[in-house]
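Number of protein chains: 2
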Amino acid sequence: MSVSTPKPERIPSREENFSEWYIETVRKADLADYTVVKGCMVIKPYGFGLWENMRDALDRRIKETGHENAYFPLLVPESLLLKEAEHVEGFAPECAWVTQGGGSELEERLAIRPTSEAIICSIYANWVNSYRDLPILINQWANVMRWEKRTRLFLRTAEFLWQEGHTVHRTEEEAQEETLKMLEVYREFLETELAIPAVAGEKTASERFAGALRTYTVEALMQDGWALQAGTSHNLGQHFSKGFGIKFLDEDNVEKFAWQTSWGVSTRLVGGIIMTHGDDRGLRLPPRVAPVQAVIVPIYKAGIEGELKEKCARIAKALREKGVRVREDMRENQRPGFKFTEWEVKGVPVRIEVGPKDLKNGTACLVRRDTGEKAFLPDAEAVERVAELMVDIQTNMLETARSFREEKTSRPANWEEFQATLEEKRGLLSCPWDGTEETEEAIKGATKATIRCIPFEGSEVEAGEVDIYSGKPAVARVLYARAY
Amino acid sequence: MSVSTPKPERIPSREENFSEWYIETVRKADLADYTVVKGCMVIKPYGFGLWENMRDALDRRIKETGHENAYFPLLVPESLLLKEAEHVEGFAPECAWVTQGGGSELEERLAIRPTSEAIICSIYANWVNSYRDLPILINQWANVMRWEKRTRLFLRTAEFLWQEGHTVHRTEEEAQEETLKMLEVYREFLETELAIPAVAGEKTASERFAGALRTYTVEALMQDGWALQAGTSHNLGQHFSKGFGIKFLDEDNVEKFAWQTSWGVSTRLVGGIIMTHGDDRGLRLPPRVAPVQAVIVPIYKAGIEGELKEKCARIAKALREKGVRVREDMRENQRPGFKFTEWEVKGVPVRIEVGPKDLKNGTACLVRRDTGEKAFLPDAEAVERVAELMVDIQTNMLETARSFREEKTSRPANWEEFQATLEEKRGLLSCPWDGTEETEEAIKGATKATIRCIPFEGSEVEAGEVDIYSGKPAVARVLYARAY
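Protein sequences appear in the order of chains A and B. First residue of the first sequence? That's 7 in the numbering used here, and the numbers climb one at a time after it. First residue of the second sequence? That's 7 in the numbering used here, and the numbers climb one at a time after it.
Don't read these hints as lab results, they were simulated from the structure. Just so we're clear, the structure is a prediction, and the values are computed from it rather than from any experiment. Heads up, some of the hints might be wrong.
[What the hints assert, rightly or not] Here are the computed lysine-lysine pairs in the DSSO-like style, where the Cα-Cα straight-line distance is at most 27 Å: (1) A:LYS34 with B:LYS69; (2) A:LYS317 with B:LYS69; (3) A:LYS69 with B:LYS317; (4) B:LYS69 with A:LYS345.
Sequences and hints are given; from them, build the entire structure.
Rendered as structure tokens:
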């Protein structure tokens, strides 16, 4: 989709226009852009470097929990999609269809995978015969496509990149355990790597994955007070194994349908990082996944360029030896101030300035992106300090995000307060719910807020508590929010 | 494509039926299989583990030579494909077309990328304005689709995985240098990581990439005497920059069209590994990319299972500390002989057998997959030796493949000898060529052999040498072969 509105002179502040701030930050930081293909983005090298680090960190966890990667076909014959009734109803409307290939019309149209349950289950049906074939613990990194009408870079695009785990188990208990295990992998990954504190919980029936028995989610809170579904893990029960005939002969010689799970996170998480950590000067990237963790900018002065360059190279080498991903910005056709702004927009955690005085004093100036704090340190200490800052900044970013979320989590006492809070403060609203879809729908209709999840912690209701909207007896305390 | 022929009892030998040996080896080693989607394969975890190691080894080289990864859209509007005449002619016939999306017919049909020059050039046109924007050095790892009629696992499938580099340069010289640099990256990668010795050279006009100015190739020789194009690097000249309007204002203030390259290797290389190194017992994997480098198999005996398991775990731990990718096959419901065969088929470079005698003697038995050689060594030495074997086996495999290629490279003296050699010995035929497409076509028509390349080394002709077929004066010595 090509965008016709002219670029503003500067990035608007988050306060002024969060959504424009977001898009302009993505563009100015050179993460991604729209293309001539409707709803499809190009992920530029800087954005892709960020995604590669995120992917590697998550891939490590997926493998450590016993899963292996594989690759399944991009195209899904329509007849396969039809095998699970809820699934096709959920996904068929947003499919892109291949109808011609190799110069002729196809007999059956093929969907570009919107998700791979159908194609993978058709293959698993051949792989599973005996209880000895179980569990199957496979993950796939792939592109998927959902024909979205309204798109937004990273958050909602027709094509996106993701991982999707697809596992098969012998028992219901094992499948449930896997579902929760992978949700916890996501929660810990978000917290440790992306510095995003997420609330884990279960989705209500209306927000369940099409075809799942139960869907679990990790929900993050963005700086505009809207929630972002950051990852989901589904217990598929036997819905798909029955549709696709995934059966096995159990140890007791009885043929049984298998139990399945699926779980995924996507490039949408890049959007989550931006909206959790960014400020009015642009991105702030968590050091653990930042493509560039420290940038060195020389303050050139006529006559000593050579010495400055040498010193920058020396610092860069020392930092690389410590495992820091460092970039030297030695451009001579740009002023230092221009470079500072550029690397601030790009969210590089630490800037190292090396000027004529530093050359004389044997020092360097470190500037933290998260706090703006400046420190002049002797060379050797500076190198040590940068390595320490990778940890400090990561921790500080998580703490900041956590405080923000806590501050923005409310417990409105009644329906009026609910509405007022949602308008003025936004954030997560913890409220007693009567457990009905009617109430959920009514609240959504009135306020656009949806139940993000029934959280694992803090969902207990006290005796006599009633639904915030209907006044009927409450079954659980749930989290409402407006969401991306 | 589901295959209707029943599986044979055993894998036929390479001599009996190379093509059946190939497919059955792929299947028995659990690398990949066909699916219900015509021409599309599933890459199973063991095959994907191999690909991941190959990908990581090549990705490192691509980054070390200054390139960054990015991601471009899967779909290519037909109007973009049409912008380079030769390109569309070459690729349109084998495109899969999306004609419906989000419930309605599209105004313009979209091809699933058969390669990404068209979509990427449409984007580069926006990125390039000044000579300061150059060079652009970007690579993409992606799935692509070409609607092939006859498919074969890894070697020719409708969908495959690959990397495609797309670079933009200021001058013709720089583009040519990049083209050759990446060809050399491929050649060295094949040799070092896959133990595949490849011949580097230029393609003739008839084998050029659709839209390229010059195409270069690395050609490998398979054990059946057929050649495999293992990777290509294209100097695109200004063909695409003119079609897509990739222009820049040069330092001299003159607007110029940019110079481009593209280069790629794909999952087809997995087929290359199988056909270069496999034997009648299955795969033989080069240690550097083998998903499992050493497998430990205990020879259980009643009463000492616990001690055996402990010893296996100890050896595994010591090997992991040395960076060896080790698997412990502790299954109790399978005989050792069954396991030996299974891991031989899977091509694991070293097998470590631990039996009752080894327990008593403090030894372990190492078996090399490449030579079959056995050695009983004291525990500590065994661990050291396995690490050494990773290097020795890799070297031996490369040497074996190189000797085979040399032995199978002929210089037939005349047309009769050419035909006889091709029938009886096969392999690479180094022959003087008159430089015409007519001769190339005539030889292809008569023998199915094509010019694989004009090799960088050994293409000089002596004064008076004539074309092997036409008898006309030769311009270069080229390599003919039948090819995959």
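Tested hints:
no.	hint	result
1	A:LYS34 with B:LYS69	holds (24 Å)
2	A:LYS317 with B:LYS69	holds (25 Å)
3	A:LYS69 with B:LYS317	holds (25 Å)
4	B:LYS69 with A:LYS345	holds (24 Å)
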